[in-house]
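Please put together the full structure from these sequences, using the hints given.
Numbering (this note's numbering), first residue to last: 1 to 225.
FYI, nobody ran anything at the bench for these hints, they're computed from the structure.
Ideal placement from N, C-alpha and C gives every residue a C-beta, glycine not left out.
There may be inaccurate statements among the hints.
[As the list claims (entries may be wrong)] Capping the alpha-carbon separation at 25 Å, the derived lysine to any residue pairs in SDA-like fashion look like this:
{"#": "1", "residue 1": "3", "residue 2": "33"}
{"#": "2", "residue 1": "122", "residue 2": "99"}
{"#": "3", "residue 1": "5", "residue 2": "170"}
{"#": "4", "residue 1": "173", "residue 2": "64"}
{"#": "5", "residue 1": "96", "residue 2": "55"}
{"#": "6", "residue 1": "5", "residue 2": "47"}
{"#": "7", "residue 1": "96", "residue 2": "64"}
{"#": "8", "residue 1": "173", "residue 2": "54"}
{"#": "9", "residue 1": "165", "residue 2": "111"}
{"#": "10", "residue 1": "173", "residue 2": "99"}
{"#": "11", "residue 1": "169", "residue 2": "158"}
{"#": "12", "residue 1": "47", "residue 2": "13"}
{"#": "13", "residue 1": "208", "residue 2": "170"}
{"#": "14", "residue 1": "122", "residue 2": "141"}
{"#": "15", "residue 1": "5", "residue 2": "111"}
{"#": "16", "residue 1": "173", "residue 2": "18"}
{"#": "17", "residue 1": "173", "residue 2": "134"}
{"#": "18", "residue 1": "173", "residue 2": "7"}
{"#": "19", "residue 1": "165", "residue 2": "199"}
{"#": "20", "residue 1": "208", "residue 2": "22"}
{"#": "21", "residue 1": "208", "residue 2": "148"}
{"#": "22", "residue 1": "122", "residue 2": "151"}
{"#": "23", "residue 1": "169", "residue 2": "185"}
{"#": "24", "residue 1": "173", "residue 2": "211"}
{"#": "25", "residue 1": "122", "residue 2": "142"}
{"#": "26", "residue 1": "169", "residue 2": "111"}
{"#": "27", "residue 1": "173", "residue 2": "194"}
[Said to hold, decoys possible] Simulated restraints, written as ranges between beta carbons of each label pair:
{"#": "28", "residue 1": "190", "residue 2": "105", "range": "35 to 43 Å"}
{"#": "29", "residue 1": "79", "residue 2": "156", "range": "15 to 23 Å"}
{"#": "30", "residue 1": "82", "residue 2": "23", "range": "41 to 49 Å"}
{"#": "31", "residue 1": "132", "residue 2": "5", "range": "49 to 57 Å"}
{"#": "32", "residue 1": "25", "residue 2": "202", "range": "15 to 23 Å"}
{"#": "33", "residue 1": "109", "residue 2": "193", "range": "26 to 34 Å"}
{"#": "34", "residue 1": "200", "residue 2": "105", "range": "19 to 27 Å"}
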Amino acid sequence: MIKRKERYEMIMRWFQEHMPVAETELDYTTPFELLVAVILSAQCTDKRVNLVTPALFRDFPTPEALAASTPEVIYEYIRSISYPNNKAQHLVGMAKRLVEEFNGRMPNNLAELMSLPGVGRKTANVIQSVLFNEAVMPVDTHVFRVSHRLGLVSESCTTPLSVEKILTKHIPKTLLPIAHHWLILHGRYVCLARRPKCFACGLQTYCKYFIGGCKKRKIEFEEEE
Numbered sequence: 001m002i003k004r005k006e007r008y009e010m011i012m013r014w015f016q017e018h019m020p021v022a023e024t025e026l027d028y029t030t031p032f033e034l035l036v037a038v039i040l041s042a043q044c045t046d047k048r049v050n051l052v053t054p055a056l057f058r059d060f061p062t063p064e065a066l067a068a069s070t071p072e073v074i075y076e077y078i079r080s081i082s083y084p085n086n087k088a089q090h091l092v093g094m095a096k097r098l099v100e101e102f103n104g105r106m107p108n109n110l111a112e113l114m115s116l117p118g119v120g121r122k123t124a125n126v127i128q129s130v131l132f133n134e135a136v137m138p139v140d141t142h143v144f145r146v147s148h149r150l151g152l153v154s155e156s157c158t159t160p161l162s163v164e165k166i167l168t169k170h171i172p173k174t175l176l177p178i179a180h181h182w183l184i185l186h187g188r189y190v191c192l193a194r195r196p197k198c199f200a201c202g203l204q205t206y207c208k209y210f211i212g213g214c215k216k217r218k219i220e221f222e223e224e225e
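Dropping the structure here:
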């Protein structure tokens, strides 16, 4: 049986060798644009977000411009995104707070980021990781699923926060910013929610899910449609 420390070491090594470059798939050019995109990406695909942000960024390129708008106007730009009403309100509220409390500048600590409307712990951690290269681990549905399946966390970790704490404890700080993307991308393209591509995965040797389930039952999952 593979011990936890060995499992982490082998999985991190595999990602380093096979995915040396891993980064967000959201399109952005400024810290403000990234924050907007991450807020929009909640329960929505990056691909869909990237379809609507060009027009939004063109017409509202700064916190000041967005703060001067209204949720009703912003809704028309993001209506194809999940929960457009709530997100339109969050975006305008976030921009106003950036202008009023932070002089339009992006805060760089967790508490201040989470004080912005529409910014929860995961979003704040994404900003800290991507923009400031902080040793944090944002936990979305992909990270949550993949870390459980690989055996990086136990079944007793039932919340995103509990998963975050275990991952940040066992993944080297220098790797945390890119490890976040490794787990997301692996979950997005290989370790799919309904039909994981177990027999095309390079992590079979270390994966508890594969060893304990797929391999024994000889199940070959088709690609998720």
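Here's how the hints hold up against the structure:
Straight-line distance between C-alpha atoms of residue 3 and residue 33 comes to about 42 Å, which puts the hinted pair past the 25 Å bound. Note on residue 122 and residue 99: the hinted pairing holds, with a Cα-Cα distance of about 22 Å set against a maximum of 25 Å. A distance of roughly 8 Å separates the Cα atoms of residue 5 and residue 170; the hinted pair therefore holds under the 25 Å criterion. Restraint check for residue 173 and residue 64: not satisfied, since their Cα atoms lie roughly 35 Å apart, outside the 25 Å limit.
Distance hint between residue 96 and residue 55 is fulfilled; the C-alpha atoms sit about 20 Å from each other, no more than 25 Å. Only pairs whose Cα atoms come within 25 Å are accepted, and residue 5 paired with residue 47 is rejected, the gap being roughly 35 Å. Distance restraint check for residue 96 and residue 64: the Cα-Cα separation of roughly 7 Å lies within the 25 Å cut-off, and the hinted pair is therefore satisfied. Distance hint between residue 173 and residue 54 is unfulfilled; the C-alpha atoms sit about 34 Å from each other, more than 25 Å.
For the proposed pair residue 165 and residue 111, the alpha carbon gap of about 17 Å is at most 25 Å, so the pair holds. For the given pair, residue 173 sits about 32 Å from residue 99 by alpha-carbon distance, which is inconsistent with the 25 Å threshold. For the given pair, residue 169 sits about 17 Å from residue 158 by alpha-carbon distance, which is consistent with the 25 Å threshold. Using a Cα cut-off of 25 Å, the hinted pair residue 47 and residue 13 is violated, with the two alpha carbons roughly 29 Å apart.
Between residue 208 and residue 170, the direct Cα distance comes to roughly 17 Å. Compliance with the 25 Å bound is thereby established for this hinted pair. With a CA separation close to 10 Å, the supplied pair residue 122 and residue 141 stays within the 25 Å bound. Between residue 5 and residue 111 the alpha-carbon distance is near 31 Å, which puts this suggested pair outside the 25 Å criterion. Restraint check for residue 173 and residue 18: satisfied, since their Cα atoms lie roughly 20 Å apart, inside the 25 Å limit.
Proximity of residue 173 to residue 134 is assessed by CA-CA distance (about 8 Å); at most 25 Å being required, the pair is judged to hold. Simply put, residue 173 and residue 7 have alpha-carbon atoms about 17 Å apart, close enough for the 25 Å limit, and the pair holds. The hinted pair formed by residue 165 and residue 199 fails the criterion: a straight-line CA distance of about 30 Å is larger than 25 Å. The suggested pairing of residue 208 with residue 22 holds, with an alpha-carbon distance near 24 Å, which does not exceed 25 Å.
Under the criterion of a C-alpha separation no larger than 25 Å, the hint pairing residue 208 with residue 148 is consistent with the structure, at around 8 Å. Of the pairs offered as hints, the one joining residue 122 and residue 151 holds, with about 21 Å between alpha carbons and a cut-off of 25 Å not exceeded. The straight-line distance between the Cα atoms of residue 169 and residue 185 is roughly 21 Å, inside the 25 Å bound, and the hint therefore holds. Distance check on the hinted pair: residue 173 and residue 211 sit about 28 Å apart at the alpha-carbon level, beyond 25 Å; violated.
For the suggested pair residue 122 and residue 142, the alpha carbons sit about 12 Å apart, so the restraint of at most 25 Å is met. For the hint pairing residue 169 with residue 111, the CA-to-CA distance comes to about 20 Å; that is within 25 Å, so the pair holds. About 31 Å separates the Cα atoms of residue 173 and residue 194, which puts this hinted pair outside 25 Å; it is violated. For the pair residue 190 and residue 105, the beta carbons lie near 38 Å from each other, so the given range of 35 to 43 Å is met.
As the Cβ distance of residue 79 to residue 156 is approximately 41 Å, the hint placing it in 15 to 23 Å is violated. Distance hint check for residue 82 and residue 23: the Cβ-Cβ separation is about 23 Å, which falls outside the suggested range of 41 to 49 Å. Take residue 132 and residue 5: their Cβ atoms lie about 28 Å apart, and the range 49 to 57 Å is violated. Checking the proposed 15 to 23 Å range against residue 25 and residue 202 shows it holds: the Cβ atoms sit about 20 Å from each other.
Against the hinted window of 26 to 34 Å, the Cβ-Cβ separation of residue 109 and residue 193 comes to about 33 Å, which satisfies the hint. Checked against the hint of 19 to 27 Å, the pair residue 200 and residue 105 fails, with Cβ atoms roughly 44 Å apart.
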